[in-house]
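Enquirer: Chains as they are written, first to last, in the numbering used here: chain A, 594 to 706; chain B, 1378 to 1491.
Think of the hints as simulated: they come from the structure by calculation, not from any bench. Note that the coordinates shown come from a computational prediction; the quantities given were computed from them, not determined experimentally. Don't take each hint at face value.
[Claimed, not checked] Quick list of in silico lysine to aspartate or glutamate cross-link-like pairs, DMTMM-like style, CA-CA up to 25 Å:
#1 K1490(B) to E1406(B)
#2 K650(A) to D1458(B)
#3 K1450(B) to E1406(B)
#4 K650(A) to D1408(B)
#5 K1450(B) to E1429(B)
#6 K664(A) to E688(A)
#7 K1432(B) to E1394(B)
#8 K1450(B) to E652(A)
#9 K650(A) to E1406(B)
#10 K1432(B) to E652(A)
#11 K1490(B) to E1394(B)
[Unchecked claim] Covered by chain A, per the in silico footprint, the following chain B stretches (three or more residues, Cβ under 8 Å):
#12 1434-1446
#13 1480-1487
Glycine is no exception: its CB is placed at the ideal position from the N, C-alpha and C atoms.
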Amino acid sequence: NAGVTQTPKFQVLKTGQSMTLQCAQDMNHNSMYWYRQDPGMGLRLIYYSASEGTTDKGEVPNGYNVSRLNKREFSLRLESAAPSQTSVYFCASSEAGPDYGYTFGSGTRLTVV
Amino acid sequence: AQTVTQSQPEMSVQEAETVTLSCTYDTSESDYYLFWYKQPPSRQMILVIRQEAYKQQNATENRFSVNFQKAAKSFSLKISDSQLGDAAMYFCAYRSAFRNKLVFGAGTILRVKS
């Protein structure tokens, strides 16, 4: 099915461990995004990539790094996980124009213990 | 920076009745787009409806319609003939015509009673 694919769907990490969340889209979208969702705070932008080869910080980038590997793939890395990074993470993609909404992946529930 | 406020953490509606979810936003820009997303328990984010700021006519999609008041910076979602499948978290979101980012509100949980 066309869309945005995120892996894994669930993950438990110990404090200090590292991991990479993977995201791939097959809609030929230029722009890709990583959000985190926390209760009472909606979705907050971590990083985004307006086009292949570019990345920019969003609202809450601390503790994360990203890589736009190619037009299809945009990964999010936690170098040293902290309990404050326990959240649901969403990857999304969109056409470049502002009148388009986003297409979201199904999310990754990450728990850091 | 733009902000989006959803002042109702939770709402309830009886099946077949109408409910309105509130959203206000703060921006100094004149060209932008507004969205409502639905997130059911499956966690999937689903686009419900979209409104262009330069269009005065309110957007409608079947049972979903919006009341867009640009001067008041208000963008409410009306769900008519509510169904059990409408139960979800609803997010209001703003996207500037000049910036490539969606800004979300905190969300409203909608419960539908049978």
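Enquirer: Now tell me, hint by hint, if it's right for this structure.
Expert: We went through each hint and held it up to the structure:
1. Proximity of K1490(B) to E1406(B) is assessed by CA-CA distance (about 39 Å); at most 25 Å being required, the pair is judged violated.
2. The straight-line distance between the Cα atoms of K650(A) and D1458(B) is roughly 42 Å, outside the 25 Å bound, and the hint therefore fails.
3. Between K1450(B) and E1406(B) the CA atoms are separated by roughly 11 Å; this keeps the pair inside 25 Å, and the hint holds.
4. Using a Cα cut-off of 25 Å, the hinted pair K650(A) and D1408(B) holds, with the two alpha carbons roughly 23 Å apart.
5. Simply put, K1450(B) and E1429(B) have alpha-carbon atoms about 13 Å apart, close enough for the 25 Å limit, and the pair holds.
6. Only pairs whose Cα atoms come within 25 Å are accepted, and K664(A) paired with E688(A) is accepted, the gap being roughly 12 Å.
7. Using a Cα cut-off of 25 Å, the hinted pair K1432(B) and E1394(B) is violated, with the two alpha carbons roughly 28 Å apart.
8. The suggested pairing of K1450(B) with E652(A) holds, with an alpha-carbon distance near 22 Å, which does not exceed 25 Å.
9. Among the hinted pairs, K650(A) with E1406(B) is consistent with the structure: their alpha-carbon atoms are about 21 Å apart, no more than 25 Å.
10. Restraint check for K1432(B) and E652(A): the C-alpha separation of about 29 Å exceeds 25 Å, so the hint is violated.
11. Between K1490(B) and E1394(B) the CA atoms are separated by roughly 10 Å; this keeps the pair inside 25 Å, and the hint holds.
12. Coverage of the region 1434-1446 of chain B by chain A is violated in this model, with 0 residues showing a Cβ closer than 8 Å to a Cβ of that chain against a need of three.
13. Counting residues of the region 1480-1487 of chain B whose beta carbon lies closer than 8 Å to any beta carbon of chain A gives 5, which reaches the threshold of three, so the coverage claim holds.
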